[in-house]
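What follows is each chain in one-letter form.
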Amino acid sequence: MISCALNLAARVWRVFARPSVHFSLGFLTLGGFLAGVLFWGGFNTALEATNKEAFCISCHEMKNNPYEELKQTIHFTNRSGVRATCPDCHVPHEWTDKIARKMQASKEVWGKIFGTIDTREKFLDKRLELANHEWSRLKANNSLECRNCHSAESMDITRQNPRAAKMHETYLFTGERTCIDCHKGIAHRLPDMNGVQPGWTGTVSAK
Amino acid sequence: MKIRLTFGALALAAAIPVLASGVFAADAPKVPSGPHPITQDIPAEPMGREVTDDIKKVRNYADQPPLIPHAIRDYQIDLNINKCLTCHDRKNTEGSQAPMISVTHFQDRDGQTLGTVSPRRYFCIQCHVPQTDAKPIVGNSFVDIDKVLGNGALGGGKEGAK
Numbered sequence: 001m002i003s004c005a006l007n008l009a010a011r012v013w014r015v016f017a018r019p020s021v022h023f024s025l026g027f028l029t030l031g032g033f034l035a036g037v038l039f040w041g042g043f044n045t046a047l048e049a050t051n052k053e054a055f056c057i058s059c060h061e062m063k064n065n066p067y068e069e070l071k072q073t074i075h076f077t078n079r080s081g082v083r084a085t086c087p088d089c090h091v092p093h094e095w096t097d098k099i100a101r102k103m104q105a106s107k108e109v110w111g112k113i114f115g116t117i118d119t120r121e122k123f124l125d126k127r128l129e130l131a132n133h134e135w136s137r138l139k140a141n142n143s144l145e146c147r148n149c150h151s152a153e154s155m156d157i158t159r160q161n162p163r164a165a166k167m168h169e170t171y172l173f174t175g176e177r178t179c180i181d182c183h184k185g186i187a188h189r190l191p192d193m194n195g196v197q198p199g200w201t202g203t204v205s206a207k
Numbered sequence: 001m002k003i004r005l006t007f008g009a010l011a012l013a014a015a016i017p018v019l020a021s022g023v024f025a026a027d028a029p030k031v032p033s034g035p036h037p038i039t040q041d042i043p044a045e046p047m048g049r050e051v052t053d054d055i056k057k058v059r060n061y062a063d064q065p066p067l068i069p070h071a072i073r074d075y076q077i078d079l080n081i082n083k084c085l086t087c088h089d090r091k092n093t094e095g096s097q098a099p100m101i102s103v104t105h106f107q108d109r110d111g112q113t114l115g116t117v118s119p120r121r122y123f124c125i126q127c128h129v130p131q132t133d134a135k136p137i138v139g140n141s142f143v144d145i146d147k148v149l150g151n152g153a154l155g156g157g158k159e160g161a162k
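Quick mapping for you: the protein sequence lines, in order, are chains A and B.
Note that the UniProt record's numbering gives residue 114 to position 114 of the first sequence, counting from 1, and the numbers run on in steps of one.
Note that the UniProt record's numbering gives residue 13 to position 13 of the second sequence, counting from 1, and the numbers run on in steps of one.
For reference, chain A alone in the conformation it holds in the complex:
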């Protein structure tokens, strides 16, 4: 059995290592280059296509639950007319992180196929678990997706009301907390929050 596999591998290697008989070097070089361009372009196009809101809400699970809820919030309509779409918050912008997240998302394809959250009830039952994934992801990357738009450097706390300014001064600028610690549920409804302490309370009791 093993020798059989080794034989096959050796044969493939011999074909692979032998100079081409039928095709010119130019054809192979240019052809390879073109094929590479096509492959890479296609890959990126497909990646971009899966990174659009329209793709996310092409599943009824996403359209009827998180998207419906997003529509009520300030990240959907606001005075300045800037809208955060699904991938703005849920997909990292850096390439390696993005690919890593996309690989994790294959679990979501599994969920789609087997109808893990194909009714509102199932979605609500699973919401705490799903929310926890996102909270810990944002906690681990220091709320990177929030900071793609909201940076502490460009935050003018004199333009905030005193309450918000104080909180940001105490917890955000000191690096003691990150956005998601306090701003849970800003774009979707929250799951049962029993046992999940708000950011400011957690800080005090930890002291």
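Calculated directly from the structure, the hints in this document are not laboratory data.
Every clue listed holds true.
Just so you have them, the derived chain B footprint on chain A, three or more residues with Cβ under 8 Å:
| no. | stretch |
| --- | --- |
| 1 | 68-78 |
| 2 | 154-163 |
| 3 | 178-189 |
Since the structure is predicted, the reported quantities are computational estimates derived from the model, not experimental observations.
C-beta atoms are modelled at their ideal positions from N, C-alpha and C, and glycine is treated no differently.
Mind docking chain B on chain A? Use the hints.
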């Protein structure tokens, strides 16, 4: 001449809605979009701006539920979470420096004091509301109790009778 006539007709047509609405709005509160013929399309007046200055407003009477001086857009109050209580609950006030919900909120309807907020007091915005800068549509003759007491001997009766 013909052109002038057309202009005249147009001006008259433009004036009709104004005249009509004048008749309808005679005894109604003065709201631009108030009662008007259903055939007319009256634009709604702009929404009031929320007052979010974090300044406590004086209570008009001792039992008045304090007003909310901050934005509460998207605040979730349901079985899963009460967003208000994440700051105003007893155990969260140290971190948030927000005023704690009053002790009356721990009592159930039989006057029994519970360990946490009573279910009947759970839905904050049944009583506590934010304000906008909208002007009152209807007049109000409410008089502050201090004014009633303080001015009582000094001819406050006139004020109270208003």
